[in-house]
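> So the chains spell out like this:
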Amino acid sequence: MKRSLVLMLVLVLGGCASYFAPPYEAAISDKLTSAAAGVERIGAAIDLAGAAPPGTFAKYEPDYVAVLADLRSARTIAEGRAAIYEGKPSGEAAKIVVNMIGNCDAAVLLVAQRHKTAGLTPSLFSNVMVRETCALSVKSEQLLQP
Amino acid sequence: MPIDIATFRPRNAGDFLNALVQVAQGELRNRWTRVEGDLRPYLQALAQAAARVRLKLASGEYTQQDADFALHGQELAINQFIQYSHLVVYATAQSLINALFRTVSQLIRNSTGIELSWLF
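These protein sequences, in sequence, are chains H and Y. To convert, take the position in the first sequence, counting from 1, and add 14; that gives this note's numbering. For the second sequence, position 19 (counting from the first letter as 1) is numbered 8 according to this note's numbering, and the numbering increases by one without interruption.
Hints listed in this document are in silico derivations from the structure and should not be mistaken for laboratory results. Mixed in with the good hints there might be a few duds.
Stated by the list, open to error - Using 25 angstroms as the maximum straight-line C-alpha spacing, the simulated DMTMM-like pairs for lysine to aspartate or glutamate come out as follows:
| no. | chain 1 | residue 1 | chain 2 | residue 2 |
| --- | --- | --- | --- | --- |
| 1 | H | 130 | Y | 57 |
| 2 | H | 153 | Y | 64 |
| 3 | H | 153 | H | 39 |
| 4 | H | 102 | Y | 16 |
Okay, chain H solo, but in the shape it has when bound (with noise of 0.2 angstroms):
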């Protein structure tokens, strides 16, 4: 009797593993912290300098390049496993990763696109909250970590 209960026990939480938010991966952690890494130093660059006019543009944009493909890999990956999930509430947290990495993807790009056309000011990068966007998709990955 009491064996056959904790099998049900076992049947019935042991699936519930990640019900409602999918497993941490670490591999979404470090691109994104790689990324967000990438958006300090072109913010400390843009402080150093004291201005970032339209020319200046060719210089940093390898630093924007890395920041993107960072974000692209870890939408891969985010993505995958929240096809892996769909249907689940899982499969809703999974999305809203996804979504978190998308935000902080639009965000460099809107800088950088404003970099390129008509330069950038320390204050102005500040002001965007791309540093704070991108630094909490990071923190949005470490909250499903156990």
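With chain H's structure known, arrange chain Y on it following the hints.
Showing chain Y alone in chain H's frame:
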């Protein structure tokens, strides 16, 4: 007095419940501390950036185009905050299930000797 889950041997459903409530409270408190630590500085930065843009626009330091650019970024930052808040709910529910299941396994082991920890 807090229950020591590692050695506690529940005698009835009431004992089980007390132990589970204690674990749930602890888990929720930990989560909240962590999430608050993430969100408070984030919202502070957002509020300050929004205020700065308005001041700079009023003083003529920012053009309309500068302000549009900054506000568009802040819009993304607000959306990011909303997404994160939703994720907190899912992550908290999951961590609560995990903590409760761990406790149930531990209490079963304490009273029956049957090991369920291989499930994790």
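> Can you confirm whether the C-alpha distance between residue 130/H and residue 57/Y stays at or below 25 angstroms?
holds, 16 angstroms
> For a C-alpha distance cap of 25 angstroms, please report whether residue 102/H and residue 16/Y respect it.
holds, 23 angstroms
> Between residue 153/H and residue 64/Y, does the CA-CA distance stay at or below 25 angstroms?
With a Cα-Cα distance of about 19 angstroms, the restraint between residue 153/H and residue 64/Y holds, given a limit of 25 angstroms.
> Are residue 153/H and residue 39/H close enough, with their CA atoms no more than 25 angstroms apart?
At roughly 12 angstroms apart (the allowed maximum being 25 angstroms), residue 39/H and residue 153/H satisfy the hint.
Hint compliance for this structure: every hint is met.
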